[in-house]
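Participant: Build out the structure end to end from the sequences listed, making use of the hints.
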Amino acid sequence: MVNIELNNLDNLDASDIKIGVKALIEELQKVQEDKKMLIEELEKLQEDNKEKFSNSEDEMMKLRDNFAKLELKYSNQNDDIFNLIKENNHLNRVKDDLEEKIDKLVIIN
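The sequence shown maps to residues 22 to 130 in the working numbering.
Since the hints were made in silico from the structure, they are not lab data.
Warning: the hint list may mix true and false statements.
Stated by the list, open to error - Here are the in silico distance ranges between beta carbons for each label pair:
| no. | residue 1 | residue 2 | range |
| --- | --- | --- | --- |
| 1 | Met58 | Gln98 | 30 to 40 Å |
| 2 | Lys125 | Leu105 | 27 to 37 Å |
| 3 | Asp117 | Asn87 | 24 to 34 Å |
| 4 | Met58 | Asn97 | 51 to 61 Å |
| 5 | Glu61 | Lys83 | 42 to 52 Å |
| 6 | Leu126 | Gln98 | 52 to 62 Å |
| 7 | Ala89 | Val127 | 49 to 59 Å |
From the three backbone atoms N, C-alpha and C, an ideal C-beta is built for every residue, glycine too.
Facilitator: Written as structure tokens, this is what we have:
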């Protein structure tokens, strides 16, 4: 790795720089390899995130569908309860009418 210490850029003289071209090229290649590796890692992370996001969206759609089914089931059960209460009230009225008629028959006999 090449380290250059630049304390005073105004007084920098080309003769002070004693780095070989080969070392600069090697350092540049290393930086390019590091950059390529980082880009590959970034692309992999982006792909992983895209897959996770897609899976999350699929899961959310399933949850929404299940919620809609549960809402419909709840609504249907409420309708059933309402209808059963109506039917029960009707049957109670019929029962009361029959009991009243039976009482009248018992009194007559």
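Participant: Against which earlier hints does the structure fall short, listed by number upward?
Facilitator: 1, 3, 5 and 6
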